[in-house]
Amino acid sequence: MKYKLTAKEEEVMNWFWDRGPMFVRELLRLYVEPKPHFNTVSTIVRGLEEKGFLSHKVFGATYQYYPVVTREQFSAKTLSGVIGKYYGNSLLNAVSALVKEEDISVDELRKIIESVEKK
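Each residue of the sequence shown is one higher than the last, beginning at 1 in the working numbering.
By construction, these hints were calculated from the structure, which means they are not laboratory data. One should not assume that every hint holds.
Cross-link-like lysine-lysine pairs, in silico, DSBU-like; alpha carbons within 30 Å at most [to be verified]: (1) Lys85 <-> Lys100; (2) Lys57 <-> Lys119; (3) Lys77 <-> Lys8; (4) Lys100 <-> Lys118; (5) Lys77 <-> Lys119; (6) Lys35 <-> Lys4; (7) Lys51 <-> Lys35.
Here are the computed distance ranges between Cβ atoms for each label pair [stated by the list, open to error]: (8) Asp18 <-> Val106: 34 to 40 Å; (9) Lys51 <-> Tyr87: 21 to 27 Å; (10) Leu91 <-> Arg71: 20 to 26 Å; (11) Asn14 <-> Glu101: 24 to 30 Å; (12) Asn89 <-> Lys111: 24 to 30 Å; (13) Ile113 <-> Phe38: 48 to 54 Å; (14) Arg29 <-> Asp107: 42 to 48 Å; (15) Glu114 <-> Ser55: 37 to 43 Å.
Each residue gets a CB set at the ideal place from its N, CA and C atoms; glycine is no exception.
With these hints in hand, go ahead and build the complete structure from the sequences.
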């Protein structure tokens, strides 16, 4: 499964994660004006199904799509990909970069460590 999504695909997945199963027509109603064409949204949804993010149930001549990947699964895989690509698969390097960039205090780091140890 490819865990990379375009901005439009991620927008659509967020709607599925927030609302659950939907038909393309229901999804189309969530867009603000100017709304994309039905075929455009349908193409995005079918692409998400091909990537393994969605599946569907048949209702007569139409499909109701539903997510098969959770937001948490997507987030975890995306984070792993970023750590692998930019930090050489080193969690230490990733955390060090966050500490430097976000100016995280020693107390905040201790709280993070405590939180992880409790799990």
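For this session: Take a look at whether the Cβ-Cβ distance between Ile113 and Phe38 falls inside 48 to 54 Å.
Result: holds (50 Å)
Problem set entry | Lys51 paired with Tyr87, Cβ distance criterion 21 to 27 Å | holds (25 Å)
Exercise. Does Lys77 pair with Lys119 here, judged by a C-alpha cut-off of 30 Å?
Worked result: holds (20 Å)
Exercise. Regarding Leu91 and Arg71, is the given constraint of 20 to 26 Å on their beta-carbon distance met?
Worked result: holds (22 Å)
Exercise. Is the Cα-Cα distance between Lys85 and Lys100 30 Å or less?
Worked result: Within the cut-off at roughly 19 Å; holds.
Exercise. Does Lys51 pair with Lys35 here, judged by a C-alpha cut-off of 30 Å?
Worked result: holds (24 Å)
For this session: Return holds or violated for the Cβ distance of Glu114 and Ser55 against the range 37 to 43 Å.
Result: holds (39 Å)
For this session: Mind checking the hinted window 42 to 48 Å against the Cβ distance between Arg29 and Asp107?
Result: With Cβ atoms ~47 Å apart, the hint holds.
Exercise. Can the suggested window of 24 to 30 Å be confirmed for the beta-carbon pair Asn89 and Lys111?
Worked result: holds (25 Å)
Problem set entry | Pair hint outcome, Lys100 versus Lys118 [Cα-Cα no greater than 30 Å] | holds (25 Å)
Exercise. Given the proposed pairing of Lys57 with Lys119, does the C-alpha separation stay at or below 30 Å?
Worked result: violated (37 Å)
Exercise. Range hint 24 to 30 Å: satisfied by the CB atoms of Asn14 and Glu101?
Worked result: holds (26 Å)
When the structure is compared with the earlier hints, a violation turns up for hint 2 alone.
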